[in-house]
Amino acid sequence: MFIAFILLLLVASALFYYKNKKKLRASNSPIKLQQQRIQTMINSKRYWGFYIDCATEINCCEAALKLLKKPLPINCVPELPLDNCSKNRCPCKHVGLIQKRKLLYQRRKKTDRRNMIRFEEISDRRSNIDRRSNNWGWVQRRR
Numbered sequence: 001m002f003i004a005f006i007l008l009l010l011v012a013s014a015l016f017y018y019k020n021k022k023k024l025r026a027s028n029s030p031i032k033l034q035q036q037r038i039q040t041m042i043n044s045k046r047y048w049g050f051y052i053d054c055a056t057e058i059n060c061c062e063a064a065l066k067l068l069k070k071p072l073p074i075n076c077v078p079e080l081p082l083d084n085c086s087k088n089r090c091p092c093k094h095v096g097l098i099q100k101r102k103l104l105y106q107r108r109k110k111t112d113r114r115n116m117i118r119f120e121e122i123s124d125r126r127s128n129i130d131r132r133s134n135n136w137g138w139v140q141r142r143r
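Throughout the sequence shown, residue numbering follows full-length UniProt numbering, covering 1 to 143 in sequence.
Don't read these hints as lab results, they were simulated from the structure. Warning: the hint list may mix true and false statements.
[To be verified] Straight-line alpha carbon distances no greater than 25 Å define the calculated PhoX-like cross-link-like pairs of lysine-lysine that follow:
(1) Lys87 - Lys45
(2) Lys93 - Lys32
(3) Lys19 - Lys32
(4) Lys21 - Lys45
(5) Lys87 - Lys32
(6) Lys21 - Lys70
(7) Lys19 - Lys66
(8) Lys70 - Lys45
(9) Lys45 - Lys69
(10) Lys87 - Lys66
(11) Lys69 - Lys93
(12) Lys32 - Lys21
(13) Lys32 - Lys69
(14) Lys87 - Lys70
[Unchecked claim] Label pairs and their computed distance ranges (CB to CB):
(15) Asn88 - Asp53: 18 to 26 Å
(16) Leu9 - Cys85: 41 to 49 Å
(17) Gln39 - Ala12: 52 to 60 Å
(18) Leu8 - Leu68: 51 to 59 Å
(19) Lys21 - Pro78: 49 to 57 Å
(20) Gln35 - Phe5: 26 to 34 Å
Since we're looking at a predicted model, the values are computed, not measured. Glycine included, each C-beta is placed from N, C-alpha and C at the ideal position.
Construct the complete structure from the given sequences, taking the supplied hints into account.
Here is the structure:
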C-alpha cells in the first residue's frame with residue numbers, strides 16, 4: 001500500500017512538472033530576462049541611456065554593427081535581438097550610460113564663498129587703475 005502511494009505521488013509530480021515546463025521556460029526566456037534587467041536599470045534613474053555592446057564584433061550581425069556603441073536615449077532603446085538579426089544566438093547586450101549631470105542641489109559641495117568677499121571691510125575690490133592710455137588714435141576722430 002505504501003509503495004503504491006509513493007508511486008502515485010511520483011506520477012502526479014511528473015505530470016505536474018511536464019505540464020508546467022513550458023510556463024517555466026517562457027518566464028525565464030533570455031528576452032524576458034533581458035527586458036526585466038533593462039526595466040530595473042531604467043527604474044534606478046541612474047542611467048540616461050544605453051548602448052548596444054557585443055563581446056566580439058565577429059559574432060555581431062550587421063544590424064547590431066550599425067548600432068554598436070552608439071548612445072541611445074532611454075526611451076528609444078531597441079529590444080535585443082534586433083528585428084533583422086541574422087544570428088541564432090544574439091551575443092549583444094545593453095550597457096547603461098551613467099547619468100553624469102548632477103542635480104542643482106548637488107553642484108556645490110561647499111558654502112558659497114561670494115558672501116565672504118562681498119561683505120568684507122574693504123568696500124571696493126577694484127584697483128581703479130585705468131589700463132588704457134589716453135593717447136589712442138581711435139578715441140577721437142580728426143576731421
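Here is how each hint holds up against the structure:
| no. | hint | result |
| --- | --- | --- |
| 1 | Lys87 - Lys45 | 32 Å, violated |
| 2 | Lys93 - Lys32 | 13 Å, holds |
| 3 | Lys19 - Lys32 | 21 Å, holds |
| 4 | Lys21 - Lys45 | 35 Å, violated |
| 5 | Lys87 - Lys32 | 18 Å, holds |
| 6 | Lys21 - Lys70 | 38 Å, violated |
| 7 | Lys19 - Lys66 | 42 Å, violated |
| 8 | Lys70 - Lys45 | 20 Å, holds |
| 9 | Lys45 - Lys69 | 20 Å, holds |
| 10 | Lys87 - Lys66 | 15 Å, holds |
| 11 | Lys69 - Lys93 | 11 Å, holds |
| 12 | Lys32 - Lys21 | 16 Å, holds |
| 13 | Lys32 - Lys69 | 23 Å, holds |
| 14 | Lys87 - Lys70 | 20 Å, holds |
| 15 | Asn88 - Asp53: 18 to 26 Å | 19 Å, holds |
| 16 | Leu9 - Cys85: 41 to 49 Å | 45 Å, holds |
| 17 | Gln39 - Ala12: 52 to 60 Å | 37 Å, violated |
| 18 | Leu8 - Leu68: 51 to 59 Å | 56 Å, holds |
| 19 | Lys21 - Pro78: 49 to 57 Å | 30 Å, violated |
| 20 | Gln35 - Phe5: 26 to 34 Å | 43 Å, violated |
The earlier numbered hints that this structure contradicts are 1, 4, 6, 7, 17, 19, 20.
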